[in-house]
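K.L.:
Take a look at the letters that make up each chain.
Protein chains: 2
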Amino acid sequence: MQPWRFIRITDQTLRRRIHALVDEERLRTADALGERAREFLALKVEGILDCAELIVVALSNGRERYVFGRRTMPHMDLASVSCAIQNVWLAARAEGLGMGWVSLFDPARLARLLTIPADAEPVAILCLGPVPDFPDRPSLELDQWTVGRPLAEFVSENEWLFPESAPGTAYQPK
Amino acid sequence: MQPWRFIRITDQTLRRRIHALVDEERLRTADALGERAREFLALKVEGILDCAELIVVALSNGRERYVFGRRTMPHMDLASVSCAIQNVWLAARAEGLGMGWVSLFDPARLARLLTIPADAEPVAILCLGPVPDFPDRPSLELDQWTVGRPLAEFVSENEWLFPESAPGTAYQPK
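Chains P and U, in that order, are what the protein sequence lines are. In terms of our numbering, the first sequence has 8 at position 8, counting the first letter as 1, and numbering is strictly consecutive. In terms of our numbering, the second sequence has 1056 at position 56, counting the first letter as 1, and numbering is strictly consecutive.
The set of hints was computed from the structure by calculation and includes no laboratory data. Don't be surprised by glycine CBs; every beta carbon is placed ideally from N, CA and C. Heads up, a few of these hints could be off.
Computed list of chain U residues with no C-beta within reach of chain P, every gap over 10 Å [what the hints assert, rightly or not]:
1) K1044
2) A1092
3) G1129
4) D1133
Derived CB-CB ranges, DEER-like [to be verified]:
5) P:R38 x U:D1023: 20 to 28 Å
6) P:P135 x U:T1013: 40 to 48 Å
7) U:A1032 x P:A42: 30 to 38 Å
8) P:D50 x U:L1151: 21 to 29 Å
Can you build the whole structure from these sequences, using the hints too?
P.N.:
Dropping the structure here:
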């Protein structure tokens, strides 16, 4: 299906506008997080103004024409695009570069900013480039936002046998 | 968020039931494809009865509790799961194993078969194991189902500038 569309952002005004849009959503997310708002606002969640390359990834338009493998699950094009992005991520890492996938934005507003048609959909803002270091644990763990749970909690046999979300990892709204 | 839930299928009766469910959707998809139905039915689209390991991947339940990075785009958990699956795919390949991601199924019926709760969602049936060979082109190209388009058609700068879907790759319904 090749549903991926990559828009490379080289215009600095556009970069700043994308940053403003993300920062607005960052504040809205903080608000939605309630008691963890302040803690959330202290996290580094994007590198839009600093990264070497800024790339917006969108799902293609004309999505409804593709039936193969998505008649019952039309969102499988997001799965395809995500696999492609994961390949970019790993390829970047193999070249000594870091990447961040920012999903803090209103997709309709980002679409308007980049003339993305109404039946397409932006799903990622990728910040790509040199980074000071590669920590050996996810940064949200290092920042004590969350605790990684072991794979054993996510694998069961022949039926759904999973523990409830562990405290501290799931956020319970007020 | 770690939204991935892996269910390893070791029960042979269950494996056959999953196969039956996929085969039913295969026929429905053929029907939806209209004039390419016969051609579609000749394709190998799954290896459920033959593969060494059969794994169903689902999105977690309690999804609405996670706000970070998905307040405006709740489907970002599918993106996370897809990245995890792509890692499995590449790790398998590095071990000399093949994998296929089957998405030809009715998610509600697969959920019932595996006691997956209503607020979780199966998104993949993975067929994993030894394969006779690793072709150097996608099998849907080798089978002349579709033609891969070059990356240049999927990259633009600062705005949406993409050609319409090329003939032969997009399916135009009747």
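K.L.:
Each hint needs a verdict: does it hold in this structure or not?
P.N.:
How the hints compare with the structure:
1. Distance check for K1044 of chain U against chain P: the nearest CB is about 13 Å away, which clears 10 Å, and the non-interface claim stands.
2. Listed as outside the interface, A1092 of chain U is consistent with that label: its C-beta sits roughly 13 Å from the nearest C-beta of chain P, beyond the 10 Å cut-off.
3. The claim that G1129 of chain U lies off the interface holds: its Cβ sits roughly 17 Å from the closest Cβ of chain P, which is beyond the 10 Å cut-off.
4. With a cut of 10 Å on Cβ distances, D1133 of chain U stays outside the contact zone with chain P, its closest approach being about 22 Å.
5. Taking 20 to 28 Å as the suggested C-beta distance range, the pair R38 of chain P and D1023 of chain U does not conform, at roughly 54 Å.
6. Our hint of 40 to 48 Å for P135 of chain P and T1013 of chain U holds, since their Cβ atoms are close to 46 Å apart.
7. Look at A1032 of chain U against A42 of chain P: about 50 Å separates their beta carbons, and that is not inside 30 to 38 Å.
8. At about 26 Å, the beta-carbon gap between D50 of chain P and L1151 of chain U stays in the expected band of 21 to 29 Å.
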